[in-house]
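Line by line, the protein sequences are chains B and V. The numbers in this note's numbering rise by one with no breaks, and the one at position 25 of the first sequence is 25. All you need for this note's numbering is the position in the second sequence, starting with 1, plus 1000.
You may find that some hints are simply not true.
[To be verified] Listed next, the stretches of chain V that the computed footprint assigns to chain B, with coverage defined by at least 3 CB atoms under 8 Å from CB atoms of chain B:
#, stretch
1, 1099-1108
2, 1297-1306
[To be verified] Listing some non-contacts, in silico: residues in chain B with all C-beta distances to chain V over 12 Å:
#, residue
3, Glu8
4, Asp35
5, Val43
6, Asn53
7, Lys65
8, Val67
9, Glu87
10, Lys104
11, Pro110
No lab work stands behind these hints: they were computed from the structure. Note that the structure is a prediction, hence the values are computed from the model and not measured. Glycine residues also receive a C-beta, built at the ideal position from the N, C-alpha and C atoms.
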Amino acid sequence: MALEYPEELKYLDSHEYLRVEGDTVVVGVTSYAVDQLGDIVFVSLPEEGDRINRGDSFGSIESVKAVEELYAPLSGTVLSVNTVAVEDPALIGSDPYGDGWLIKVRLADPADELGETMTAEEYRERVEG
Amino acid sequence: MVARSLGLMSDLKRTPLCAQHLQLGARLVPFGGWEMPLQYSTLTREHRAVRTAVGLFDISHMGKYTLSGPDVLAQIQRLVPSDLARLQPGQAQYTVLLNEQAGIIDDLIFYCRSPEHWVVIVNGATNDKDRRWLAEHLQGVHFDDLTGTHTLLALQGPAAVETLQPLVDIDLARLGRFEHAQVSLAGKPAFLARTGYTGEDGFEIMSLEPEGIALWQSLTAAGVPPCGLGARDTLRLEAAMHLYGQDMDESTTPLEASLGWVIDWDKPDYFGREILLAQKAQGTERRLVGLTVEGRQIARHGYGLFDGEQQVGVVTSGTLTPTVDRPIALAYVGKPFAPIGSRLEVDIRGRRAMATVVKRPFYRRAL
């Protein structure tokens, strides 16, 4: 399977991606992560209004093979949670950058916090060596 | 997520089919000292192929021996709780090697070619241990280790007979479950057994390396999907077949592991017999049971089982399976919680989910 890393996104070395839309950020997992996990069967996510802190676990994603923690790439408040993906976790595998997004976060400090992200090209080099 | 380390692949053994696996796009992972295919397409697709049609596994990492000599039967009888003297040539028995404490050294299959000639197939991860145990306890038996020279393929699924029939010189319909034969396969000698580890009909085929590679190539070229360890694990777990080292080991006896059916109580002495007789009389403190778990989260190896605040068991294998489509698990639980219908809670990373003891297997093929 050819893995894709859309140019307009920012990437974390823990395999989350960020789609920045003004002072809000959509967080999901990359197609590389999905490929590594295999069939995704469960995802646990925070509630709307929860505060998340950069570096902390904000949930977990589970496949038949393994469970992986999800780490918050930034600090902020959870604006919305993709309940459709919670109901149907296979969506994360089939469309990680679209309908399979996880949470939308309002940045605590829009000027900060996005320093350690990678571009699509940097991320591709990292995961594909 | 965190990047997962897959270990040092360079130290791992490879089966003769490794080049085929890479060519088919397999993801390789370390397994019991071997670099083995985890999956080629997706676990679910491979699992369903075996349940609905047919799939092909490379299981060449498994230990393969022949034992021969006039005194073989009497000697191997001392090592297992099953009565191997009941087997006719062409029949096989799944059983366990026991130590003096009735602990399970391995689970394995003895194939009777004749009372003087046996084929033995053991787990890959325990191969060295088994070989040492056999060498230590068998005298005057000619022991031949075929592991390095022979491949072992498993063709599993309801379409296994029709898939394999054109290649062999015997009528496969006449080979019963757990029966085996020396056959000519595409013109070359092969050992063919109607055994497997998926809960489906199927065959395990042992042959020399070049013939094994040729068979793999011809079956995959004909459209038989190759299947990896991922599907093998979900298939065997649905069929409630134990994985050695996970669901049982030397600290468990066959009665605790719910493998009482392999024990012949009337057979002559063997390692661990007195302990098994005592356990039979008194019952075991714990035993392996099947569980279904509510929700969608998987109860995995090592997760605790609770009755209120008291831990009463531990999960040994768990998955969410494509056929049953709910979380299932095998677990050791204390005697009071072993009956069918017992309700327990499993601790899934800090959250509790209800689990119910159910009849095994979770899946049984239509006959």
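Practice item. Enumerate the violated hints, using their earlier numbering and listing them in ascending order. Key: Hints 1, 4, 5, 7, 8, 9 contradicted; others consistent.
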